[in-house]
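Asker: Can you make the complete structure from the sequences, with help from the hints?
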Amino acid sequence: MMTENTIGIIVDDDFASKHIPPYPKPSFISFEHPFRIRSILNHLERNNIFKNNRIIKVEPKIVTESILELAHSKYHIEAIKRISNIGGGLLDEEVFVSDDTYALAKKAVGGAIEAIEGVINGRFNQSFALIRPPGHHAFREKASGLCIFNNIANSILYLRKQLKFNQKIAIIDIDDHFGDGLAQFFYDDPLILYFSIHEFDFTGGDLGMIDELGEGEGLGKNINFPVPAGITNSDFLYCLELLDPIIKEFKPELIIVAAGFDMYFADPIGNCLLTSIAYNKFTERLLKIAEDVCKGKISFILEGGYNIIGLPYCVRAVIKALLKEKYDPPEFEKKFSLSDESKREELEKIKTFLTDLLQTLWDQ
Numbered sequence: 493m494m495t496e497n498t499i500g501i502i503v504d505d506d507f508a509s510k511h512i513p514p515y516p517k518p519s520f521i522s523f524e525h526p527f528r529i530r531s532i533l534n535h536l537e538r539n540n541i542f543k544n545n546r547i548i549k550v551e552p553k554i555v556t557e558s559i560l561e562l563a564h565s566k567y568h569i570e571a572i573k574r575i576s577n578i579g580g581g582l583l584d585e586e587v588f589v590s591d592d593t594y595a596l597a598k599k600a601v602g603g604a605i606e607a608i609e610g611v612i613n614g615r616f617n618q619s620f621a622l623i624r625p626p627g628h629h630a631f632r633e634k635a636s637g638l639c640i641f642n643n644i645a646n647s648i649l650y651l652r653k654q655l656k657f658n659q660k661i662a663i664i665d666i667d668d669h670f671g672d673g674l675a676q677f678f679y680d681d682p683l684i685l686y687f688s689i690h691e692f693d694f695t696g697g698d699l700g701m702i703d704e705l706g707e708g709e710g711l712g713k714n715i716n717f718p719v720p721a722g723i724t725n726s727d728f729l730y731c732l733e734l735l736d737p738i739i740k741e742f743k744p745e746l747i748i749v750a751a752g753f754d755m756y757f758a759d760p761i762g763n764c765l766l767t768s769i770a771y772n773k774f775t776e777r778l779l780k781i782a783e784d785v786c787k788g789k790i791s792f793i794l795e796g797g798y799n800i801i802g803l804p805y806c807v808r809a810v811i812k813a814l815l816k817e818k819y820d821p822p823e824f825e826k827k828f829s830l831s832d833e834s835k836r837e838e839l840e841k842i843k844t845f846l847t848d849l850l851q852t853l854w855d856q
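If you're matching positions, the sequence shown starts at 493 in my numbering and goes up one per residue.
No false leads were mixed into what you were given.
Below, simulated DSBU-like cross-link-like pairs (lysine-lysine); rule was C-alpha separation at most 30 Å, straight line: (1) Lys816 x Lys826; (2) Lys780 x Lys740; (3) Lys812 x Lys780; (4) Lys660 x Lys740; (5) Lys812 x Lys543; (6) Lys660 x Lys634; (7) Lys653 x Lys566.
These aren't lab readings, by the way, just hints derived from the structure by calculation.
All of these numbers come straight from a predicted model, not from anything done at the bench.
Answerer: See the structure below:
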């Protein structure tokens, strides 16, 4: 008889109460609010997710400043600590610091480490770290785009330093915005595959372009699939078809998902048209791939997603897929009239161009 999988959910009430933006009214930074986590936890509790005996609630790992220094400069760490100590302030128009930001951002790193380490050591089969602030925009020397410390990068560097885990890892970034900080950490690293699908303004220029393939020994391991605004559920899943052969050829020991949900149709800072069922189907597909290549070892680390009505459904959609249980999307998503205008023609051109670029670097 096959043993059912278990899922570790990393939670802490501090994520649902601290690091409060200074402006209560809509502005870019105001969306990264404790309500994000509170809405998720309330929703999961109402739907009896935590009563499932296959769900294991876990607290974040306690991390020291020396662990932060694996990914970040002392200057950056001290800057965040100092601003927190004086009561907070704005670093720029995209990053705020409150009096408890340093402590919470450090705890977020601990949450990501606990989620990933727990999968590696077999404490649970898959995991989901419900943490904030997010991390994939943070660079070694600075905070950026609502992110203070780079939770995923810090976790991987911790695994290498503390656990001597030097195996291949695939990072799948599904946040609406390109994870520029995360990509930069591993741009020349042959052991890290970074695959990002993100909204892209093709009329201008930005990081996350299709020809950013990595460098040195990491050439071909940085894969960007930029998409136009307005993609639908079917468009999103079509883009991810490219993942299957790449992951099977790469053969990672672990898959980490930078789980941003700001491609959701009602997200205030995204322009795509996904509903929660897209994240459910994505997770089902990814779990099958993971079971083939790495014994199902997947860790989801929360990044963006700022619609506090839709975000909890997206998170539950992922968890239900990991549990291999049926997920029923909410009625308001079923009734909401989304655009039927697929971006498939544009996406086919992007996919063909990307495939041609990768053919010289990958066998399949």
